[in-house]
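Novice: All chains should be modelled from the sequences, with the hints used to inform the complete structure.
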Amino acid sequence: MKRWVILLGRGGTVLLAIGLALLLVSLIPSGGQTSSSMGTSYLYPETWQDWHEEVLTPQQRFSLSIKANGTLNVYLFELNSQAIYSWITEHHPGPFTIPTNVTYFEEFLQANPESIVWQKELQNEIAYEYSPTKVTYATLVLSNPSPDSLTIDYSFSTVTLIAPTGKVRTIAQWTIPLGFLLALPWLINLLKAKTKTES
Amino acid sequence: MRKGKGRPFLEVFASALHEDYRFPILEIFAFLYALGTFVFASFVSAGVTGELVAYNLTISLLTMPLVIFIILIFKNIAYGLGSDIEKGIIQTLFSYPLKRRWVLSAKLLSALGFAVLLFLGIQVSALYVLAPDVVAPYLGTVLLTDAASLSYPFLIAGIILLVTLILKRGGLALVLGIILYFALVIIQSLATFVAFATNSPLILQVLSVVSPSVALGMYYQTYVPFGGALWTPTFSEVLLYVGASYITVAFIFLLAYLYFCRRLGL
Numbered sequence: 007m008k009r010w011v012i013l014l015g016r017g018g019t020v021l022l023a024i025g026l027a028l029l030l031v032s033l034i035p036s037g038g039q040t041s042s043s044m045g046t047s048y049l050y051p052e053t054w055q056d057w058h059e060e061v062l063t064p065q066q067r068f069s070l071s072i073k074a075n076g077t078l079n080v081y082l083f084e085l086n087s088q089a090i091y092s093w094i095t096e097h098h099p100g101p102f103t104i105p106t107n108v109t110y111f112e113e114f115l116q117a118n119p120e121s122i123v124w125q126k127e128l129q130n131e132i133a134y135e136y137s138p139t140k141v142t143y144a145t146l147v148l149s150n151p152s153p154d155s156l157t158i159d160y161s162f163s164t165v166t167l168i169a170p171t172g173k174v175r176t177i178a179q180w181t182i183p184l185g186f187l188l189a190l191p192w193l194i195n196l197l198k199a200k201t202k203t204e205s
Numbered sequence: 066m067r068k069g070k071g072r073p074f075l076e077v078f079a080s081a082l083h084e085d086y087r088f089p090i091l092e093i094f095a096f097l098y099a100l101g102t103f104v105f106a107s108f109v110s111a112g113v114t115g116e117l118v119a120y121n122l123t124i125s126l127l128t129m130p131l132v133i134f135i136i137l138i139f140k141n142i143a144y145g146l147g148s149d150i151e152k153g154i155i156q157t158l159f160s161y162p163l164k165r166r167w168v169l170s171a172k173l174l175s176a177l178g179f180a181v182l183l184f185l186g187i188q189v190s191a192l193y194v195l196a197p198d199v200v201a202p203y204l205g206t207v208l209l210t211d212a213a214s215l216s217y218p219f220l221i222a223g224i225i226l227l228v229t230l231i232l233k234r235g236g237l238a239l240v241l242g243i244i245l246y247f248a249l250v251i252i253q254s255l256a257t258f259v260a261f262a263t264n265s266p267l268i269l270q271v272l273s274v275v276s277p278s279v280a281l282g283m284y285y286q287t288y289v290p291f292g293g294a295l296w297t298p299t300f301s302e303v304l305l306y307v308g309a310s311y312i313t314v315a316f317i318f319l320l321a322y323l324y325f326c327r328r329l330g331l
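If you read the sequences in order, they're chains U and P. Per my numbering: the first sequence = residues 7 to 205. Per my numbering: the second sequence = residues 66 to 331.
Hint data in this document are derived by calculation from the structure and do not stem from the laboratory. You may find that some hints are simply not true.
To be verified - Quick list of in silico lysine to any residue cross-link-like pairs, SDA-like style, CA-CA up to 25 Å:
1. U:K126 to U:W93
2. U:K8 to P:I93
3. U:K8 to P:L158
Because the structure is a prediction, the values reported are computed rather than measured.
Specialist: What follows is the structure in structure tokens.
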């Protein structure tokens, strides 16, 4: 058997083995919910509010589901809410500053666009899942730019995983067929040699 | 190696690879490395400071694969090389136009070098899959942690190699290797206990020459088995301990090479 066939074949079987291990990892169920909360609340006109905040690791998945009776802006930040309040009070140091004013928040967004992980304008209902790529704060902020108060139904949960399931499964889905493809000529040759020896 | 010696060296290396990683041994170990790496991954750490997170994550990822790595080394060196000597296969390899040291190098490159390549390849890839933003800015910390943790298995590999060459018997060397590994683990635990009981960092410093991950753990204040930091080395001291441990490893391998070349008696 040619050496390059053996080399590619064994490389393929190793890829196949790694792919199967990753597939198995992705199939291991989550370690359960580490935190969850749900309820109904209100957001006053032209204000913003930090709705949820926690430290997340790449082994955690934060899921959110929000329903509102009007247009609402949803933001996810990789920093703690105190950083937002500090920025606003630092740039508007007056004694009558209301940090939850949406104008100040929009100024913060314009000055720190890199801190936004995800944002969406919610019309009625929204659901989103987020897994960070480092250990970081995850802060969910809701902003109501409209002149009306909004009623918000929310549900948050954080689930602990062994590994980022989606990413690991995607790698497994690529490595298994690729490994099989590389190993195929070697396996056929091996089978032929075995049949020849037996006959 | 002089010109023209490359091909025989590659022949011996290819033959060693074929023997050490017969189908499906390589695949089983690759599967175990990948599975063990992800299953034991942990981000348990106070705060979100990057360097400590990178260190803790790397250490957690090494937990199981290091044991699997040591098993693979035992299989390749003690059982593989030992059986080759016992069955006289090594004498066939001596018929190649190669000096003995190159024959041993080819065998070790397969037994140890390829195993390390597979081990590190899966480890670093897994780190990038798990937390790219932790690994990329702290690659130095990750590599230092890997280097400090691998020094101990290399030391055991060197001792096992020497024992295998002296005994010239695969099975016995394998049994002795397993006993040595567990004995060293027990000695390390006892020494740590004594160090904390007598409030003497000297024992930990000696231990760090053999296993520099102790010094690295002390540096990051994660290796405090009985509460309270007994000794906090500086970063340069940690680097010195890692260097010293690899010098020790190199010395043991040098002894093995000398024995193989001059005193093997074959």
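Novice: Are the hints correct? Go through all of them and say.
Specialist: Cross-check of the supplied hints:
A C-alpha spacing of about 22 Å is found between K126 of chain U and W93 of chain U, which places the hinted pair at or below 25 Å, so the restraint holds. As the CA atoms of K8 of chain U and I93 of chain P are separated by approximately 24 Å, the hinted pair is consistent with the 25 Å bound. With a CA separation close to 22 Å, the supplied pair K8 of chain U and L158 of chain P stays within the 25 Å bound.
The structure agrees with every numbered hint stated previously.
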